[in-house]
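Chemist: Each chain, letter by letter, is given below.
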Amino acid sequence: MPLYRDEAVVLRTHKLGEADRIVTMLSREHGKIRAVAKGVRRTASKFGSRLEPFMVADVQLYEGRSLDIITQAESIGSYGAEITEDYASYTAASVMVETADKITDDGGSLQQYLLLIGALRSLARREHGASLTLDSYLLRSLSIAGWAPSFVDCAVTGAPGPHTAFVVQLGGVVADDVAPPGAPRLDPATLDLLAALLAGDWPVAAASPERIRSQASGIVAAYTQFHLERSLRSLQHVDRGA
Amino acid sequence: MYEGIVQELIDELGRLPGIGPKSAQRIAFHILQTEAFDVSRLAEVLVEVREKVRFCEVCGNVTEQERCAICRDPRRSAATICVVEEAKDVAAIERTREFKGLYHVLGGAISPIDGVGPEDLRIRQLMERLADGTVTEVIIATDPNLEGEATASYLSRLLVQPNLRVTRLASGLPVGGDLEYADEVTLGRAFEGRRVVQG
Ligand SMILES: [Zn+2]
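Sequence order for the protein chains is A and B. Each residue of the first sequence is one higher than the one before, counting from 1 in the working numbering. Each residue of the second sequence is one higher than the one before, counting from 1 in the working numbering.
Since the hints were made in silico from the structure, they are not lab data. Each hint should be verified, as a subset may be incorrect.
As the list claims (entries may be wrong) - With a cut-off of at most 20 Å between alpha-carbon atoms, the simulated EDC-like pairs for lysine to aspartate or glutamate come out as follows:
(1) A:32 - A:63
(2) B:100 - B:192
(3) A:38 - B:180
(4) B:52 - B:64
(5) A:32 - A:6
(6) A:32 - A:74
(7) A:15 - B:114
(8) B:22 - A:18
(9) B:88 - B:132
(10) B:22 - A:20
(11) A:15 - A:101
(12) A:38 - B:192
(13) A:102 - B:114
(14) A:15 - A:98
(15) B:100 - B:44
(16) B:88 - A:18
(17) A:32 - A:98
(18) B:22 - B:11
(19) A:38 - A:6
(20) B:88 - B:180
(21) B:88 - B:64
(22) A:32 - A:106
(23) B:88 - B:120
(24) A:15 - B:12
(25) A:15 - B:180
(26) B:88 - B:66
(27) B:100 - B:180
(28) A:38 - A:58
(29) B:88 - A:20
Stated by the list, open to error - Every beta carbon over 12 Å from chain A, so not counted as near; a handful from chain B, in silico:
(30) 3
(31) 65
(32) 125
Said to hold, decoys possible - Derived DEER-like restraints, expressed as beta-carbon distance ranges:
(33) B:14 - A:211: 48 to 54 Å
(34) A:69 - B:52: 39 to 45 Å
(35) B:118 - A:66: 33 to 39 Å
(36) B:77 - A:214: 44 to 50 Å
(37) B:47 - A:114: 52 to 58 Å
(38) B:16 - A:189: 49 to 55 Å
These numbers come from a predicted model, not from an experiment. Backbone N, C-alpha and C fix where the C-beta goes; we use that ideal spot for every residue, glycine too.
Please work from the sequences and hints to get the whole structure.
Modeler: Following this line, the structure appears as structure tokens:
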């Protein structure tokens, strides 16, 4: 049976039978992988701790008929302990892995993999606050998937901004002459924050006031759910307190 | 696919946790083919368990009465509450004979990706039990995996009150495992070596 090896971040796990788990991972080279980790729920397994969500591991698998089987896992990055210590980080990380799982349904990419491990590492190190880290991750992940939002120029006509009418379905801000009646208007400061989160401009993001952050989070959530065409279960549990 | 009722049986069995389509088929044919298999006894027990068994109104453990045997036992100390995810964890800890206090069954662990938030667990009921000051120690014995750790840290931040110590089972329980699979000796040691996380 063909063996292969890759680096992967664990997105989620499901219990299987008495003591096994199905592990869903996003890998560097093989896209999304769903594989069985045998015996990991038994306490004698040394394996289980390396295959928990938010862990990055060097894994070896052999191809099974329906699901691959994990034969080895060596930890190369463990962010779980730091993330679970802080509830806001835990809920943010949960939304990230749920998004990564859904957005890579048609196959993952190296960019999605690197973005996710970078975001988890940043959460674990408490670099920018859980809520901002999450919103930045969502905007960039959607951009990699081909749904980059526009926060300056009109998403429909390309007319140079700034514009204030924001229409999720049209891909971002739109010029007044194409804005549907009643389209929501965003505060210019919210658009600046969104652009900063998309670009990873952390000094600008860090300087934003709470009211602007919460308006931006609402936009990011709506934009994400629209493009994923379904709701993210974890999103309603996000703790925006941090 | 099988005809009619046989397939229905396989489908119903396949809905049970941990039973895949192949196991469901194996069980279905065992029931069909084994003469000695007492189907009516199984059916009776299934109906009975649904009628009689409920959850203890105090701790959430399974019981046939309003309060479970542990909550009714006057020899158990009311000063200590051990918080677990599931009723089966109560059974695992009882086997160690190490713990003489009461329990609180949360009904799961916080797992946003599965749509389970703190409000979906019996956390409010736990806070109510702590209100009168009788309890001086809460031992958090959630599973030693990611969701269990996240639930433990959420609880330890919530349970800040005067004269209350919050402890967590000692590590030594392998990470990623289920509490119910821990052997009695390991689990007993984890109780003895529990560490204070709050208070
Ligand atoms: Zn009880």
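Chemist: Take the hints in turn and mark each one as holding or not.
Modeler: Here's how the hints hold up against the structure:
Our distance criterion of 20 Å between C-alpha atoms is met by residue 32 of chain A and residue 63 of chain A, whose separation comes to about 14 Å. Distance hint between residue 100 of chain B and residue 192 of chain B is fulfilled; the C-alpha atoms sit about 12 Å from each other, no more than 20 Å. In summary, the hint linking residue 38 of chain A to residue 180 of chain B is supported, as the alpha carbons are separated by about 17 Å, within the 20 Å threshold. A threshold of 20 Å between alpha carbons decides the hint, and for residue 52 of chain B with residue 64 of chain B the separation of about 6 Å falls inside it, so the pair holds.
Distance hint between residue 32 of chain A and residue 6 of chain A is fulfilled; the C-alpha atoms sit about 11 Å from each other, no more than 20 Å. At roughly 18 Å between alpha-carbon atoms, residue 32 of chain A and residue 74 of chain A fall within 20 Å of each other, so this suggested pair holds. Restraint check for residue 15 of chain A and residue 114 of chain B: the C-alpha separation of about 13 Å stays at or below 20 Å, so the hint holds. Distance check on the hinted pair: residue 22 of chain B and residue 18 of chain A sit about 14 Å apart at the alpha-carbon level, within 20 Å; holds.
Taken as a hint, the residue 88 of chain B and residue 132 of chain B pair is broken in the structure, with Cα atoms around 28 Å apart against an allowance of 20 Å. Distance restraint check for residue 22 of chain B and residue 20 of chain A: the Cα-Cα separation of roughly 16 Å lies within the 20 Å cut-off, and the hinted pair is therefore satisfied. Proximity of residue 15 of chain A to residue 101 of chain A is assessed by CA-CA distance (about 17 Å); at most 20 Å being required, the pair is judged to hold. Between the alpha carbons of residue 38 of chain A and residue 192 of chain B the distance comes to roughly 30 Å, so the proposed pair goes past 20 Å and is violated.
With a C-alpha separation of about 14 Å, the suggested pairing of residue 102 of chain A with residue 114 of chain B holds against the 20 Å cut-off. Of the pairs offered as hints, the one joining residue 15 of chain A and residue 98 of chain A holds, with about 17 Å between alpha carbons and a cut-off of 20 Å not exceeded. Restraint check: the Cα-Cα separation between residue 100 of chain B and residue 44 of chain B comes to about 35 Å, which exceeds 20 Å; the hinted pair is violated. Annotation: proposed proximity of residue 88 of chain B to residue 18 of chain A holds, straight-line Cα distance about 14 Å (limit 20 Å).
Our distance criterion of 20 Å between C-alpha atoms is met by residue 32 of chain A and residue 98 of chain A, whose separation comes to about 12 Å. Between residue 22 of chain B and residue 11 of chain B, the direct Cα distance comes to roughly 11 Å. Compliance with the 20 Å bound is thereby established for this hinted pair. Simply put, residue 38 of chain A and residue 6 of chain A have alpha-carbon atoms about 18 Å apart, close enough for the 20 Å limit, and the pair holds. Restraint check for residue 88 of chain B and residue 180 of chain B: satisfied, since their Cα atoms lie roughly 7 Å apart, inside the 20 Å limit.
Under the criterion of a C-alpha separation no larger than 20 Å, the hint pairing residue 88 of chain B with residue 64 of chain B is consistent with the structure, at around 16 Å. In summary, the hint linking residue 32 of chain A to residue 106 of chain A is supported, as the alpha carbons are separated by about 9 Å, within the 20 Å threshold. Note on residue 88 of chain B and residue 120 of chain B: the hinted pairing holds, with a Cα-Cα distance of about 19 Å set against a maximum of 20 Å. Taken as a hint, the residue 15 of chain A and residue 12 of chain B pair is honoured in the structure, with Cα atoms around 19 Å apart against an allowance of 20 Å.
Distance restraint check for residue 15 of chain A and residue 180 of chain B: the Cα-Cα separation of roughly 14 Å lies within the 20 Å cut-off, and the hinted pair is therefore satisfied. At most 20 Å may separate the alpha-carbon atoms for a hinted pair to count; residue 88 of chain B and residue 66 of chain B meet this at roughly 18 Å. At roughly 18 Å between alpha-carbon atoms, residue 100 of chain B and residue 180 of chain B fall within 20 Å of each other, so this suggested pair holds. Taking the CA atoms of residue 38 of chain A and residue 58 of chain A, the gap is near 17 Å; set against the 20 Å cutoff, the hint holds.
Between residue 88 of chain B and residue 20 of chain A the alpha-carbon distance is near 18 Å, which keeps this suggested pair within the 20 Å criterion. Every beta carbon of chain A lies more than 12 Å from that of residue 3 of chain B, the smallest distance being close to 26 Å; the non-interface claim holds. With a minimum CB-CB distance of about 31 Å to chain A, residue 65 of chain B clears the 12 Å threshold, and the non-interface call stands. Residue placement check: residue 125 of chain B keeps its beta carbon more than 12 Å from all beta carbons of chain A (closest about 20 Å).
Separation of residue 14 of chain B from residue 211 of chain A is about 51 Å and conforms to the stated range, judged on CB atoms against 48 to 54 Å. Take residue 69 of chain A and residue 52 of chain B: their Cβ atoms lie about 42 Å apart, and the range 39 to 45 Å holds. Checked against the hint of 33 to 39 Å, the pair residue 118 of chain B and residue 66 of chain A passes, with Cβ atoms roughly 36 Å apart. Between residue 77 of chain B and residue 214 of chain A the beta carbon distance is about 46 Å. The supplied range of 44 to 50 Å therefore holds.
A beta carbon spacing of about 55 Å between residue 47 of chain B and residue 114 of chain A agrees with the range 52 to 58 Å that was offered as a hint. Remark: the range hint 49 to 55 Å for residue 16 of chain B to residue 189 of chain A is upheld by a beta-carbon distance near 54 Å.
Hint violations for this structure: numbers 9, 12, 15, all remaining hints satisfied.
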